[in-house]
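> Given next are the chains, with one letter for each unit.
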Amino acid sequence: MITSWLTRSRGIVFAIVVPIGAVVLSLITTAGILLIVGSDPIEAYGNMFDAAFSSPYAISGTLEKSVPRLLPALGIAIAIRAGLWNIGAEGQIYLGAIAATGVTIWFPGLGALGIILAILAAIFAGGLWGAIPGVLKAKKGINEVITSLMLVYIAVLLASYLISGPWSTPGATFPATDPVPSGERLPIIWSNTLLNAGFLIAVAGIGLAWLIVSRTTLGLRLRAIGGNIKASSMAGISVGRTIVIAMVISGAFSGITGAIEILGVRGRLIEGFSPGYGFEAIAIALLGGLNPLGIAAVSLLFGALDAGAAGLQTTGGDVPSSIVQVTEALAVMYVMIALGARTILIRRHRAREALAERLEAPAGEPEPGEGST
Amino acid sequence: MGSHSFITLLLVSAVAVGTPLLFAALGELISEISGVINIQLEGMMLCGAFFGVLGAYWTGGILGGFICAALGGALLALLHGVLCFVFRANQVVSGVILNIFALGVTSFLLSTVLASRVSKGITHLNRIEIPGLSSIPVIGPSFFNQDIMVYVGLLLVPVIWWMLTRTRIGLVLKAAGERPDAAESMGINIALTRWLALITCGCLAGIGGGQLAMAGIGYFTENMTAGVGFIALAAVIFGRWRAFGVLGAVLIFATADAFQIRADSIGIDIPYQFLAMLPYLITLLALAGLLKRMRPPAALATNYHPQD
Numbered sequence: 001m002i003t004s005w006l007t008r009s010r011g012i013v014f015a016i017v018v019p020i021g022a023v024v025l026s027l028i029t030t031a032g033i034l035l036i037v038g039s040d041p042i043e044a045y046g047n048m049f050d051a052a053f054s055s056p057y058a059i060s061g062t063l064e065k066s067v068p069r070l071l072p073a074l075g076i077a078i079a080i081r082a083g084l085w086n087i088g089a090e091g092q093i094y095l096g097a098i099a100a101t102g103v104t105i106w107f108p109g110l111g112a113l114g115i116i117l118a119i120l121a122a123i124f125a126g127g128l129w130g131a132i133p134g135v136l137k138a139k140k141g142i143n144e145v146i147t148s149l150m151l152v153y154i155a156v157l158l159a160s161y162l163i164s165g166p167w168s169t170p171g172a173t174f175p176a177t178d179p180v181p182s183g184e185r186l187p188i189i190w191s192n193t194l195l196n197a198g199f200l201i202a203v204a205g206i207g208l209a210w211l212i213v214s215r216t217t218l219g220l221r222l223r224a225i226g227g228n229i230k231a232s233s234m235a236g237i238s239v240g241r242t243i244v245i246a247m248v249i250s251g252a253f254s255g256i257t258g259a260i261e262i263l264g265v266r267g268r269l270i271e272g273f274s275p276g277y278g279f280e281a282i283a284i285a286l287l288g289g290l291n292p293l294g295i296a297a298v299s300l301l302f303g304a305l306d307a308g309a310a311g312l313q314t315t316g317g318d319v320p321s322s323i324v325q326v327t328e329a330l331a332v333m334y335v336m337i338a339l340g341a342r343t344i345l346i347r348r349h350r351a352r353e354a355l356a357e358r359l360e361a362p363a364g365e366p367e368p369g370e371g372s373t
Numbered sequence: 001m002g003s004h005s006f007i008t009l010l011l012v013s014a015v016a017v018g019t020p021l022l023f024a025a026l027g028e029l030i031s032e033i034s035g036v037i038n039i040q041l042e043g044m045m046l047c048g049a050f051f052g053v054l055g056a057y058w059t060g061g062i063l064g065g066f067i068c069a070a071l072g073g074a075l076l077a078l079l080h081g082v083l084c085f086v087f088r089a090n091q092v093v094s095g096v097i098l099n100i101f102a103l104g105v106t107s108f109l110l111s112t113v114l115a116s117r118v119s120k121g122i123t124h125l126n127r128i129e130i131p132g133l134s135s136i137p138v139i140g141p142s143f144f145n146q147d148i149m150v151y152v153g154l155l156l157v158p159v160i161w162w163m164l165t166r167t168r169i170g171l172v173l174k175a176a177g178e179r180p181d182a183a184e185s186m187g188i189n190i191a192l193t194r195w196l197a198l199i200t201c202g203c204l205a206g207i208g209g210g211q212l213a214m215a216g217i218g219y220f221t222e223n224m225t226a227g228v229g230f231i232a233l234a235a236v237i238f239g240r241w242r243a244f245g246v247l248g249a250v251l252i253f254a255t256a257d258a259f260q261i262r263a264d265s266i267g268i269d270i271p272y273q274f275l276a277m278l279p280y281l282i283t284l285l286a287l288a289g290l291l292k293r294m295r296p297p298a299a300l301a302t303n304y305h306p307q308d
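Line order of the protein sequences matches chains A and B. Numbers 1 to 373, taken from this note's numbering, label the letters of the first sequence in order. Numbers 1 to 308, taken from this note's numbering, label the letters of the second sequence in order.
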């Protein structure tokens with residue numbers, strides 16, 4: 001039964017049922033873990049739900065926390081469509097943050113123009129950080145996984161140097177740059193809450209990602225090289241250029257995330273301002289089925305988990321918020337298992353059908369003898 | 001040790017810093033040669049550090065700690081194998097997810113299980129001085145007056161070199177990482193080979209993580225590996241997939257790291273971030289072809305399913 005459903009179900013049904021099933025299963029697994037360590041999962045989930053949804057303020061926190069997950073994931077999904085594993089989104093976020101901070105430090109007092117400049121600089125910087133592995137892949141065939149990964153730590157350390165060195169605030173209690181002037185902060189768009197204009201940028205990002213992939217020739221080229229590089233090359237697609245463009249777009253989505261975090265959320269560049277959003281985004285892109293709307297839904301869920309994690313401390317037995325990472329990782333693992341199981345079952349199903357066809361061959365032909373399989 | 005020169009002190013720190021790195025990188029070397037990449041090396045080390053400390057507490061001894069550290073690393077290797085070999089997941093994606101998983105699990109267990117029990121830390125590994133050799137000028141104190149795991153790590157290098165270049169095991173591993181289809185047709189069990197290489201990697205990375213926690217500070221802190229696993233990944237590349245190359249890369253990376261700790265004492269003022277960047281920068285340059293040509297195993301990070 002399950003086999004026939006898995007192999008015959010339409011792609012869209014599968015794409016919706018699997019992520020939801022995976023999330024439910026990961027929540028059940030997490031509940032089991034909480035039971036084992038002696039906490040009440042119902043109480044814990046109740047507190048999480050309250051912290052994420054119980055008031056406009058809580059909801060704004062959930063929305064705000066979904067932004068730095070959504071934008072990098074959209075970019076990563078575009079790269080994956082082109083067959084590229086951009087593992088370096090975290091570094092591209094850091095570089096975007098560095099660029100945005102730099103603009104506010106070097107060109108103070110520009111107000112709204114400063115915000116725009118900072119965001120453009122962040123897009124450029126993130127794109128540049130994505131271009132490096134792209135160019136190395138296009139020109140020399142070097143796998144983008146390791147190069148983009150190495151660039152993460154270079155960016156993080158560069159930020160750390162700037163924060164504690166040339167851009168440091170003298171006398172601050174922890175290493176940080178000067179606060180971004182209030183005129184250059186992203187405006188709050190929902191009064192008395194945390195929600196800033198970065199959320200609007202993220203919503204626009206959903207549309208832009210969809211447009212790029214589904215409605216442009218670039219999207220067509222991206223999907224073509226993601227499907228079959230050799231055939232694309234023979235069809236006249238400039239594979240190298242498309243690879244670089246895909247990585248630049250991917251990096252730009254992360255770069256703008258860095259700007260939003262600095263100008264909208266943190267108000268200054270600090271160490272560890274991104275607790276691994278870029279890595280989490282890889283999971284989100286996958287869990288969202290590489291589809292902008294799916295990614296938006298998963299980002300909202302992960303944003304809610306993050307916002308809800310704050311509520312865990314009030315749970316009896318003091319549940320640490322790190323359990324949320326476990327839940328997220330489990331959800332992605334379940335999706336991977338479901339996708340793998342589907343592939344295996346489809347292959348097996350086809351093999352069986354092929355065998356059945358051969359066995360039902362017209363009379364007169366010799367029966368397949370033993371040992372001739 | 002007050003009488004030692006700057007270079008000697010630098011090397012002493014470098015060998016201490018480099019040992020966790022060496023274990024993890026040697027594990028990754030074996031795994032990558034068989035065609036399996038482990039982005040989750042960091043997570044393996046973190047599990048090793050956590051379960052090492054927990055094991056040392058449970059068993060009351062360092063040996064028990066290291067056995068648990070190896071098992072902790074192997075646990076993550078097992079998950080990687082299930083996801084990639086059984087369910088055909090992309091090895092890179094699996095690695096990224098397992099890093100998040102390991103960070104979450106160890107941080108969660110630290111506050112729920114470990115912190116309340118091991119508060120004072122566990123006993124450290126003692127230094128073992130090798131008579132004679134330890135008095136060799138400059139390098140003696142760094143290589144011959146260290147804890148037992150430093151010696152085990154250094155010994156593993158020639159052993160793994162010999163295994164990879166002079167034995168049938170090495171040939172089988174290489175075949176699995178270069179041409180799994182051809183190897184399978186010659187009767188080599190690719191699945192078994194890769195499983196064993198992967199689990200070996202998990203054990204070694206776990207021991208590396210255990211060393212990080214037990215030889216140094218004697219307790220576990222959240223995300224205590226802080227990128228060591230990624231440097232170990234870099235060391236395999238910079239070491240050009242050879243045992244002695246990996247040792248060389250580890251020594252260079254660890255010396256840069258140790259220099260960052262000691263540069264102050266001789267009045268050199270380089271921001272530590274630039275020294276910490278070196279492993280990543282060097283590896284990037286090496287990959288970009290600015291250093292000697294290198295070629296990863298042809299089937300690295302691709303899963304093999306003979307029935308397809």
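Incorrect hints may appear among the rest.
Cβ-to-Cβ under 8 angstroms is the rule here; a few derived chain A residues that face chain B [as the list claims (entries may be wrong)]: (1) SER54; (2) TRP85; (3) LEU149; (4) MET150; (5) SER160; (6) GLY165; (7) PHE279; (8) SER322; (9) GLU328; (10) ALA329; (11) GLY340; (12) THR343; (13) LEU345; (14) ILE346.
Simulated restraints, written as ranges between beta carbons of each label pair [claimed, not checked]: (15) ILE42/A / ILE268/B: 32 to 40 angstroms; (16) GLY289/B / THR314/A: 50 to 58 angstroms; (17) LYS140/A / ILE136/B: 54 to 62 angstroms; (18) ARG241/A / VAL159/B: 41 to 49 angstroms; (19) ASN228/A / ASN189/B: 29 to 37 angstroms; (20) ARG241/A / TRP58/B: 55 to 63 angstroms; (21) THR169/A / HIS305/B: 54 to 62 angstroms; (22) GLY289/B / GLY272/A: 32 to 40 angstroms.
Chain A side only, calculated, beta carbon under 7 angstroms to chain B, not exhaustive [what the hints assert, rightly or not]: (23) ILE142; (24) VAL145; (25) ILE282.
Don't read these hints as lab results, they were simulated from the structure. Bear in mind the structure is a predicted one, so any value in this text is a computation, not a measurement. The beta-carbon is built from N, C-alpha and C at its ideal position, and this holds for glycine as well.
> Run through the hints listed earlier and report the numbers of any the structure violates, in increasing order.
Violated hints (numbers, rising): 1, 13, 14, 15 and 17; every other hint is consistent with the structure.
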